[in-house]
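K.L.:
Numbered according to my numbering, the sequence shown terminates at residue 390, and the numbering increases by one at each position without gaps.
What the hints contain is simulated information worked out from the structure, not anything from laboratory work. Predicted, not measured: the structure shown is a model, and the values here were computed from it. Just so you know, not all the hints are guaranteed correct.
As the list claims (entries may be wrong) - Below, simulated BS3-like cross-link-like pairs (lysine-lysine); rule was C-alpha separation at most 30 angstroms, straight line: (1) K352 / K336; (2) K352 / K316; (3) K352 / K307; (4) K316 / K336; (5) K307 / K336; (6) K249 / K352; (7) K307 / K249.
To be verified - Label pairs and their computed distance ranges (CB to CB): (8) F306 / A376: 30 to 38 angstroms; (9) L377 / M317: 16 to 24 angstroms; (10) I256 / D375: 37 to 45 angstroms; (11) D333 / T368: 34 to 42 angstroms; (12) L251 / T328: 32 to 40 angstroms.
Backbone N, C-alpha and C fix where the C-beta goes; we use that ideal spot for every residue, glycine too.
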Amino acid sequence: MRFSLSNEDLITAYNAQLDHICKPLVRHIIVTIGFLLIIIPLLSLFSHIHERFGLVGTVCLILGVILLRAWFVVPVIRRFKIRHESGAVKMIRLIIDEETITEESGDIPKDVRSWTEIDRIIENPKGFIIYYHDGPLMWLPTRVFEGRDALEEFLSLAGRKHKL
227 MRFSLSNEDL ITAYNAQLDH ICKPLVRHII VTIGFLLIII PLLSLFSHIH
277 ERFGLVGTVC LILGVILLRA WFVVPVIRRF KIRHESGAVK MIRLIIDEET
327 ITEESGDIPK DVRSWTEIDR IIENPKGFII YYHDGPLMWL PTRVFEGRDA
377 LEEFLSLAGR KHKL
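Take these sequences, add in the hints, and give me the full structure.
P.N.:
Laid out in structure tokens, this is it:
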């Protein structure tokens, strides 16, 4: 299979990874709670009830900053870095057989991985996230499969070799 991998594909992969960790609705609720945990103590600090700010207000403020940093600021920064540091569109050749997954690109050395090196495969409507034991991951968009038959063949092979 030959396909191009662009910055938008990498951002889609990052979003799919975030969606697997936590549903988007839950992520939005956490960010909203973080904003509220910052805004409410600040409003009480600058209003006539600032004497009640104390320890509870400080804890709420710190918790809000932590939540916003982890669930809002860090993902925005990562998307920005992906967009601006990933470079141009890369042409990738992928060979999938019974024993290995081989990835070839013009600018990186050939990467041959055994199915046993895969930690898990996560199916997403836009593609597959393949996690390896040693940390790196691979994004395989569903558009790389020529048809439904090729996709079904990959799913059956992945299902036999690894839990999907």
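K.L.:
So, for every hint listed, does it hold in this structure?
P.N.:
Now the hints, each set against the structure:
1. Our distance criterion of 30 angstroms between C-alpha atoms is met by K352 and K336, whose separation comes to about 25 angstroms.
2. Distance restraint check for K352 and K316: the Cα-Cα separation of roughly 19 angstroms lies within the 30 angstroms cut-off, and the hinted pair is therefore satisfied.
3. Straight-line distance between C-alpha atoms of K352 and K307 comes to about 21 angstroms, which keeps the hinted pair within the 30 angstroms bound.
4. Pair hint K316 plus K336 holds up; C-alpha atoms about 14 angstroms apart against a cutoff of 30 angstroms.
5. Of the supplied pair hints, the one linking K307 and K336 holds, its CA atoms being roughly 25 angstroms apart against a limit of 30 angstroms.
6. Of the supplied pair hints, the one linking K249 and K352 holds, its CA atoms being roughly 15 angstroms apart against a limit of 30 angstroms.
7. Under the criterion of a C-alpha separation no larger than 30 angstroms, the hint pairing K307 with K249 is consistent with the structure, at around 23 angstroms.
8. Checked against the hint of 30 to 38 angstroms, the pair F306 and A376 passes, with Cβ atoms roughly 34 angstroms apart.
9. At about 21 angstroms, the beta-carbon gap between L377 and M317 stays in the expected band of 16 to 24 angstroms.
10. At about 41 angstroms, the CB distance of I256 to D375 agrees with the hint of 37 to 45 angstroms.
11. D333 and T368 have their C-beta atoms about 24 angstroms apart, which leaves the hinted 34 to 42 angstroms range violated.
12. The hinted window of 32 to 40 angstroms between L251 and T328 holds, with their beta carbons roughly 38 angstroms apart.
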